[in-house]
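Enquirer: Using the hints, put the two chains back together into the complex; each one sits in its own frame.
Protein chains in written order, with the working numbering: chain A, 1 to 89; chain B, 90 to 541.
In case anyone wonders, no lab produced these hints; they're calculated from the structure. Computed from a prediction, not measured in an experiment: that's the story for all the values here. We put the beta carbon where it would ideally sit given N, CA and C, even for glycine. Incorrect hints may appear among the rest.
As the list claims (entries may be wrong) - Simulated pairs of lysine to aspartate or glutamate, EDC-like, Cα-Cα distance not exceeding 20 Å:
{"hint": "1", "chain 1": "B", "residue 1": "K498", "chain 2": "B", "residue 2": "D401"}
{"hint": "2", "chain 1": "A", "residue 1": "K63", "chain 2": "A", "residue 2": "D25"}
{"hint": "3", "chain 1": "A", "residue 1": "K74", "chain 2": "B", "residue 2": "D95"}
{"hint": "4", "chain 1": "B", "residue 1": "K334", "chain 2": "A", "residue 2": "E61"}
{"hint": "5", "chain 1": "A", "residue 1": "K36", "chain 2": "B", "residue 2": "E92"}
{"hint": "6", "chain 1": "A", "residue 1": "K66", "chain 2": "B", "residue 2": "D104"}
{"hint": "7", "chain 1": "A", "residue 1": "K66", "chain 2": "A", "residue 2": "D25"}
{"hint": "8", "chain 1": "A", "residue 1": "K74", "chain 2": "B", "residue 2": "D104"}
{"hint": "9", "chain 1": "B", "residue 1": "K184", "chain 2": "B", "residue 2": "E125"}
{"hint": "10", "chain 1": "A", "residue 1": "K36", "chain 2": "B", "residue 2": "D95"}
{"hint": "11", "chain 1": "A", "residue 1": "K88", "chain 2": "B", "residue 2": "E92"}
{"hint": "12", "chain 1": "A", "residue 1": "K88", "chain 2": "B", "residue 2": "D95"}
{"hint": "13", "chain 1": "A", "residue 1": "K74", "chain 2": "A", "residue 2": "E58"}
{"hint": "14", "chain 1": "A", "residue 1": "K70", "chain 2": "A", "residue 2": "D25"}
{"hint": "15", "chain 1": "B", "residue 1": "K147", "chain 2": "A", "residue 2": "D25"}
{"hint": "16", "chain 1": "A", "residue 1": "K88", "chain 2": "A", "residue 2": "E58"}
Unchecked claim - Counterexamples of contact, computed for chain A against chain B with all Cβ distances above 10 Å:
{"hint": "17", "residue": "I22"}
{"hint": "18", "residue": "K24"}
{"hint": "19", "residue": "V37"}
{"hint": "20", "residue": "M41"}
{"hint": "21", "residue": "G68"}
{"hint": "22", "residue": "A71"}
Unchecked claim - Okay, the calculated bits of chain A under chain B, using three or more residues with CB under 8 Å as the criterion:
{"hint": "23", "region": "57–66"}
{"hint": "24", "region": "75–89"}
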Amino acid sequence: MRLVITVVGKDRIGIVSDIASICKDLNVNIMDITQKVFDDMFAMVMLAQMTDTSAPFEEIEDKLDKCGQKAGLKIHTMHEDIFNSMHKI
Amino acid sequence: MVEINDILETISMIDNQHLDIRTVTMGISLFDCVSEDTGRLCDNIYDKITRLAGNLVKTGEDISRQYGIPIIHKRVSVTPISLVARNMDPDSMVKIAKTLDRAANTCGINFIGGYSALVHKGMTSGELNLIESIPQALAETQNVCSSVNVATTKSGINLDSIALMGNIIKKTAYLTREEGSIGCAKLVVFANVPEDNPFMAGAFHGVGEGDCAINVGVSGPGVVSHALKKAPNANITEIADIIKKTAFKITRMGQLVAAQASQRLNVPFGIVDLSLAPTPAIGDSVAHILEEMGLEKCGTHGTTACLALLNDAVKKGGAMASSHVGGLSGAFIPVSEDAGMIDAAKCSTLTIDKLEAMTAVCSVGLDMIAIPGDTPASTISAIIADEISIGVINNKTTAVRLIPAYGKKVGDEVSFGGLLGSAPVMPVHNESSEKFISRGGRIPAPQNALRN
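The following block holds chain B by itself, in its conformation from the complex (with noise of 0.2 Å):
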């Protein structure tokens, strides 16, 4: 029998510590669905994923009872809608992404991902009409969830498509600003975007996947940031220990719940995320297991290197604890998603500017964070390429959700509700990117691209 104190330590990091599962995402390819009537399409989208995810949710729901863990998202991501409807208008598009909603409906799931795009090297037509068809398909849908492909370490950086995601971001803000632009809270700009995230707002299935996949995102910033409460003198080794030995037991349970739905639901397990996704609770917090390791304030000098420490640590503890790994795998950093984040952006301490120096040592990117409506699209574009730039240099994956919240100014505060949260607006610089992002064009793939 399993030794008492565990299974105490077991119980106590699920009822006092919000230790959970983050997500469990079926991963559903749409290439059979293909076809060259809009009508045609769009009912084979929907029979095929209220075929597969029909028992998602239930499925969810009975793991979750028996094994006690709550299981707080069931989710469904789709090949990118582009690769489906590839030469299909903007109107088409937006009938796909309303299929895709009812879809989710029917399922009972909060969130579809893969009203998708990879434009990292060129964009086609059908592309093109995908990305113009974001906003008004972010507007009149709940469910689904955008994603954009601008980079790759391989093929460098699409200047054009980043220009072109800056006025697109603005204008989703501006379709849903009745609810504080919560259509910039569903669409993420990637650079080097994982094929098997099973994390919203940026899962899609990619390409090289399967028919249909279990993909499952683990949490608990609670879980370590309590353990690291229990040595309050630790050095910082023993606190990279502590933080492997959490993560290893987090992610165990994560194993255990994707094998199980797996079985269940017949479909083949793919990868297990290692990530540390905080949630606007108290004692849920990133910023607060960095500021457990001795800062003030997230934010403030040192916060780089304790996050650093601690995206390493998860992957180490994690990785034995998984038979494949995959997706985003580290600490996410959403500021609206985090109640010590929140804190810390609305004392100044956490700055965009600290935020995306942050970005290189974890997963996944500026996240959830809203900015002055009236910021430039440009200057959007140019926090992207700054960002993209991170993940492109560095062989990782980073990513842009930025909210250019409609009618707010610096010091206001957007609510989302929900995991979603609330963000105070923070400033950006004001002085001008225009001329840089009017350049368009492609930044060459960087030397280390050449491995070969």
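Excised from the complex, chain A in its bound form (with noise of 0.2 Å):
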């Protein structure tokens, strides 16, 4: 299954390092990456694949979103799926 994990939140040095270094050690697969800053405001949407090998979704989530918690970033950890739905006929 494929993970759109998007990151928001005030930008500083390493933000894009955290998250891929997590997504290694649960393997989960870096597939694109977009990205902006606005003034200091950081945006990145993330797309990420799960394999056979990778962590559990819920795993994934929850290191996802404590990483968010203590840098004051907000992370959402989502199945592509939902996005395909919304906005593709």
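Expert: Given below as structure tokens:
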């Protein structure tokens, strides 16, 4: 299954690295990243692929959420299909 | 990959605009539970509901987490109990209500619907027993919801059952007086009741349904309101288009969740109910959508037109987004559950008469309206008769959920807590309708019922 991970918060050094290393630790493959910085606000959308060897979804979501809380970032981890169904016919 | 703007839009809808799946409701047929023995019947009902719906809450929570979409309620609707317990006395009926309550608690759901009777043409002794047991059943249970269908376009309006329901509502209000007459919030009187409605309190699993089905009700007044805010100078055609597009997105989400729930629970997908269901939360109000269209206050002149447009656009947008549409499908206008309606009722811009006109163009009816506790039963019946007539003549579902709040008078407020909200007590006409209601009999089916 493919995940969409969105990250929004105050910009600082190492946000992408933090998220990427969580993905690496949990065996989740990053497929695409789009990111922008508006003034000092950081926004990133990451598309990631879960495989048979990936950690369970709950663990991935939990770890990313905790990372977000610790770093003052708002992180959503959601199944890609929710966006496909809402925005594609 | 989906456009970044679309992703952020979805997340904003969920985080800031109260987008959610209002309910995933499992419909369960109880016909195979029938037994002459009350104890056996209750055991059969309990076993079947807990067997089929045992995983409903967990499955809903799993879907909610994985897709990041809040699913507010997980509920169960069952075959109308009057059809399952045909000849039982009122005491046995109450035992069944308590069984439903126990099953709901075991499954972890907050409402179970189907303590119902279909008496639009006539009434069997079992149906009479069920209706007479409703006040006690609702007073002695927490989760059970009840509904009575008193009219259809095909068969006309059963005035006898409407007269009876006026008294039943009064008695329910009295028996639950300690909690603001909350029993009445779980009792709906219908015309043309749908058999696959996922929304409480009127949900039941109809006789034409299969053994089990998943029905989903979506929500999203806040999302529509927000979309309209971004187009302050749009003309009314553009407004209709914005609502259609928004409804499409909301319903697609409902369709996805319904398909997932159906697959994971191994239960057939029934319908998605294309609804705009408000909550008392600020920013989740149908009244505020109407005000966004250009009304100073919901209830003023123009309200019916705005609501008609809203209701129609929601259906047009939603119809293409779901493979099966059903239930009530339309914008709801429950007064106590909508911050904008509450405000408008408090300042008397919104009256029962205006609400009645609004129900002619939307789903569903006079909903969650608190009226004075000393309102005569015949007046309640007459309000029901008016509302039900709108449904019968216009080939649509209408319903009445009135709360004659015991001991309360106009200007007081009744609070039910949670999503049921709080309602200002609204005035009703003081002139009597007693003679009309006491005539009894049936109002014949209208000419437009003869379509064959």
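Enquirer: Evaluate each hint against the coordinates.
Expert: To see whether the hints hold, each was checked on the structure:
no.	hint	in the structure
1	B:K498 with B:D401	violated (36 Å)
2	A:K63 with A:D25	holds (10 Å)
3	A:K74 with B:D95	holds (17 Å)
4	B:K334 with A:E61	violated (30 Å)
5	A:K36 with B:E92	holds (14 Å)
6	A:K66 with B:D104	holds (18 Å)
7	A:K66 with A:D25	holds (15 Å)
8	A:K74 with B:D104	holds (11 Å)
9	B:K184 with B:E125	holds (14 Å)
10	A:K36 with B:D95	holds (15 Å)
11	A:K88 with B:E92	holds (10 Å)
12	A:K88 with B:D95	holds (10 Å)
13	A:K74 with A:E58	holds (17 Å)
14	A:K70 with A:D25	holds (18 Å)
15	B:K147 with A:D25	violated (28 Å)
16	A:K88 with A:E58	violated (26 Å)
17	I22	holds (17 Å)
18	K24	holds (20 Å)
19	V37	holds (14 Å)
20	M41	holds (12 Å)
21	G68	holds (13 Å)
22	A71	holds (18 Å)
23	57–66	holds (count 3)
24	75–89	holds (count 13)
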